[in-house]
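Visitor: Read off the chains here:
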Amino acid sequence: MLTMSDAIIELDELRRTFIVRARTGGLRRVAREVHAVDGISARIDAGEAVGYIGANGAGKSTTIKMLTGILVPSGGRVRTCGYEPVPQRRTLAREIGVVFGQRSQLWWDLPLRESFDILAAIHRLPAARARPRIEQLIEGLELQAFLSTPVRQLSLGERMRGEVAAALVHRPRLLILDEPTIGLDMISKERLRQFLITERAEEGTTLLLTTHDMSDIERLCERVLVVDHGKLAYDGTLRGLSRRVALQRVLVVDLAEPQPGLEVPSAVNVGTELNGARQSFSFAPDQTTAAMVLAEVSAVAEVRDLTLTEPAIEDIVRTLYHQSIES
Amino acid sequence: MAELVSPPTTDLVTKRESYAILLASRLRAQMTYRSSFWINTVNSFFTGVLEFVETYVLLTNTPTLGGLNFAQASLVFGLANLGWSIADLIFGQTDTIPRYIREGKLEAFLIRPMPLLAQMITADFQLRRVGRAFLGLLIAVIVLFWVHLDFNAATIYLLITTPLYGAAIYGALFVLAGGLQFWIVDGSEFTNSFVYGGSYAGHLPGSALLLPLRVLFTFVFPVTATAYVPCLIMLGMDGPSWLPAWLGWLPPVFAGWTWLLAAVVWRRGVRHYTGAGG
Numbered sequence: 001m002l003t004m005s006d007a008i009i010e011l012d013e014l015r016r017t018f019i020v021r022a023r024t025g026g027l028r029r030v031a032r033e034v035h036a037v038d039g040i041s042a043r044i045d046a047g048e049a050v051g052y053i054g055a056n057g058a059g060k061s062t063t064i065k066m067l068t069g070i071l072v073p074s075g076g077r078v079r080t081c082g083y084e085p086v087p088q089r090r091t092l093a094r095e096i097g098v099v100f101g102q103r104s105q106l107w108w109d110l111p112l113r114e115s116f117d118i119l120a121a122i123h124r125l126p127a128a129r130a131r132p133r134i135e136q137l138i139e140g141l142e143l144q145a146f147l148s149t150p151v152r153q154l155s156l157g158e159r160m161r162g163e164v165a166a167a168l169v170h171r172p173r174l175l176i177l178d179e180p181t182i183g184l185d186m187i188s189k190e191r192l193r194q195f196l197i198t199e200r201a202e203e204g205t206t207l208l209l210t211t212h213d214m215s216d217i218e219r220l221c222e223r224v225l226v227v228d229h230g231k232l233a234y235d236g237t238l239r240g241l242s243r244r245v246a247l248q249r250v251l252v253v254d255l256a257e258p259q260p261g262l263e264v265p266s267a268v269n270v271g272t273e274l275n276g277a278r279q280s281f282s283f284a285p286d287q288t289t290a291a292m293v294l295a296e297v298s299a300v301a302e303v304r305d306l307t308l309t310e311p312a313i314e315d316i317v318r319t320l321y322h323q324s325i326e327s
Numbered sequence: 001m002a003e004l005v006s007p008p009t010t011d012l013v014t015k016r017e018s019y020a021i022l023l024a025s026r027l028r029a030q031m032t033y034r035s036s037f038w039i040n041t042v043n044s045f046f047t048g049v050l051e052f053v054e055t056y057v058l059l060t061n062t063p064t065l066g067g068l069n070f071a072q073a074s075l076v077f078g079l080a081n082l083g084w085s086i087a088d089l090i091f092g093q094t095d096t097i098p099r100y101i102r103e104g105k106l107e108a109f110l111i112r113p114m115p116l117l118a119q120m121i122t123a124d125f126q127l128r129r130v131g132r133a134f135l136g137l138l139i140a141v142i143v144l145f146w147v148h149l150d151f152n153a154a155t156i157y158l159l160i161t162t163p164l165y166g167a168a169i170y171g172a173l174f175v176l177a178g179g180l181q182f183w184i185v186d187g188s189e190f191t192n193s194f195v196y197g198g199s200y201a202g203h204l205p206g207s208a209l210l211l212p213l214r215v216l217f218t219f220v221f222p223v224t225a226t227a228y229v230p231c232l233i234m235l236g237m238d239g240p241s242w243l244p245a246w247l248g249w250l251p252p253v254f255a256g257w258t259w260l261l262a263a264v265v266w267r268r269g270v271r272h273y274t275g276a277g278g
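Going down the list, the protein sequences come from chains W and D. FYI, our numbering numbers position 135 of the first sequence as 135, with every residue one higher than the one before it. FYI, our numbering numbers position 193 of the second sequence as 193, with every residue one higher than the one before it.
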């Protein structure tokens with residue numbers, strides 16, 4: 001096939017403006033234009049896995065709504081799987097699977113299994129094709145234990161795995177996940193990521209993922225798009241991003257005895273609290289490991305407890321923003 | 001590299017099969033909770049009974065209503081009620097659109113390859129409304145033994161088709177009101193009063209309505225065509241002014257008009273939603 005058909009997502013100067021009417025005291029109302037998406041151009045090819053990150057309100061959800069045909073763009077061009085999303089919404093729906101982390105597309109009163117059968121019917125899949133696929137998803141996402149439980153009784157982690165299965169019943173070419181790991185515990189997150197890696201390897205599904213969790217991106221995506229105030233602030237590899245922005249992690253340790261500020265070889269002490277009973281060490285994960293830093297701290301003081309913090313997306317975006325002003 | 005070819009559409013099941021599978025699955029699911037199904041069905045049955053009692057009280061206190069005696073007015077009520085309850089069974093979910101919008105469920109509907117309305121009818125089919133429809137049928141049959149009708153071919157034709165066209169007309173009003181809710185998300189009270197008020201007018205003899213209302217509920221929202229006007233023919237009566245009895249042959253035309261109106265409003269409503277966003 002020619003290269004043109006390899007593009008799963010094409011955005012060309014995509015824009016979306018909302019009119020927000022705000023009351024400004026008294027009876028006057030002022031209409032204000034909000035540029036939720038302000039000229040984004042990007043191209044995502046078949047088989048890519050792309051993280052789409054940005055602060056809250058940066059324009060991520062608006063972009064996804066335009067990609068899926070839920071929202072008409074105010075300007076520019078969007079093509080998803082070669083289709084124009086809004087006019088060809090139902091044709092496009094056969095090619096994409098969408099998981100909105102905050103919303104459900106499952107039937108709340110029904111056993112989880114029932115939702116998959118209903119979706120297969122909505123997608124008009126013959127039983128011979130739908131059944132094995134559903135079984136495969138049940139196994140891959142380990143859903144057996146709660147298949148006959150009504151969806152409203154599932155835990156968040158169980159429900160989210162169900163949502164992902166629901167989005168994949170019809171084997172979409174493009175899977176869009178909007179905050180799929182929000183609120184999940186570590187084990188559920190890891191299970192979901194592991195499944196997505198296997199699924200992509202087997203089916204070649206293109207993945208677009210929005211998240212607040214940088215480790216989702218590290219585990220799943222080769223490429224990152226950073227959006228800020230409706231504009232693309234970065235488009236490239238995760239490694240490239242970490243070269244421009246220090247994706248520092250911080251290891252916070254609680255010590256058995258208060259200590260003066262400790263110095264270790266592979267990390268920087270970025271703060272002491274509680275008279276030195278709690279100390280924070282910042283390190284670059286591509287140069288050392290959390291275990292290494294912990295070992296170095298343990299060598300000089302007794303560690304009672306620890307937490308590890310991820311770089312916040314808001315910080316990354318802020319750094320990129322200041323860099324672009326300086327350059 | 002995975003294949004880029006989309007799954008061939010030729011081996012998909014037909015649309016009709018797909019709807020049938022959906023409906024069957026919804027029915028099966030709702031029958032799983034037997035007791036809750038029966039409670040809901042009985043509940044919806046008695047809601048209908050209550051409405052009938054209201055009309056009964058009205059009718060027993062007025063010897064004639066709009067020129068019809070008690071039995072004749074009950075025939076109008078019975079036929080209109082049967083049509084309305086069938087429409088409610090099929091299209092009743094459309095009045096929950098504001099809730100769908102608020103809960104973000106509408107977006108889940110929009111990312112599926114089935115028309116929105118078809119999804120609402122099949123994927124959210126509420127079997128409990130069967131109770132209401134059953135009551136409608138029961139009342140219509142009881143009234144038939146009571147009112148004196150000349151059972152010729154025309155009467156039998158009208159008896160069978162009137163509830164069906166009635167269902168079509170009320171169904172279109174449901175869809176019309178649903179379409180309006182895309183604009184006025186918090187306006188379900190307004191649209192409900194529109195659907196339920198319209199249905200109330202349809203259950204009464206059209207002659208009992210004030211002239212402007214009579215015209216409105218015949219030539220714009222033709223609820224008088226769901227029972228009253230065909231009843232005029234069956235009862236061999238002339239209609240009041242602006243409502244000649246021969247209009248009783250035209251429910252198909254009225255149904256077509258209402259669906260045209262409903263389709264325009266519904267489409268524009270969906271388009272408005274995708275333009276404005278959630």
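Keep in mind that the hints were calculated from the coordinates and are not lab data. Among the clues, some could well be false.
BS3-like cross-link-like pairs, simulated, lysine-lysine; straight-line CA separation at most 30 Å [what the hints assert, rightly or not]:
(1) Lys15/D to Lys231/W
(2) Lys105/D to Lys189/W
(3) Lys15/D to Lys105/D
Calculated from the model, a selection of chain D residues having no Cβ within reach of chain W, i.e. all distances over 10 Å [what the hints assert, rightly or not]:
(4) Pro113
(5) Pro115
(6) Ile160
The beta-carbon is built from N, C-alpha and C at its ideal position, and this holds for glycine as well.
Visitor: Now tell me, hint by hint, if it's right for this structure.
Guide: Against the structure, the hints come out as follows:
| no. | hint | in the structure |
| --- | --- | --- |
| 1 | Lys15/D to Lys231/W | violated, 42 Å |
| 2 | Lys105/D to Lys189/W | holds, 24 Å |
| 3 | Lys15/D to Lys105/D | holds, 23 Å |
| 4 | Pro113 | violated, 4 Å |
| 5 | Pro115 | violated, 7 Å |
| 6 | Ile160 | holds, 32 Å |
In summary, the numbered hints that this structure violates are 1, 4 and 5.
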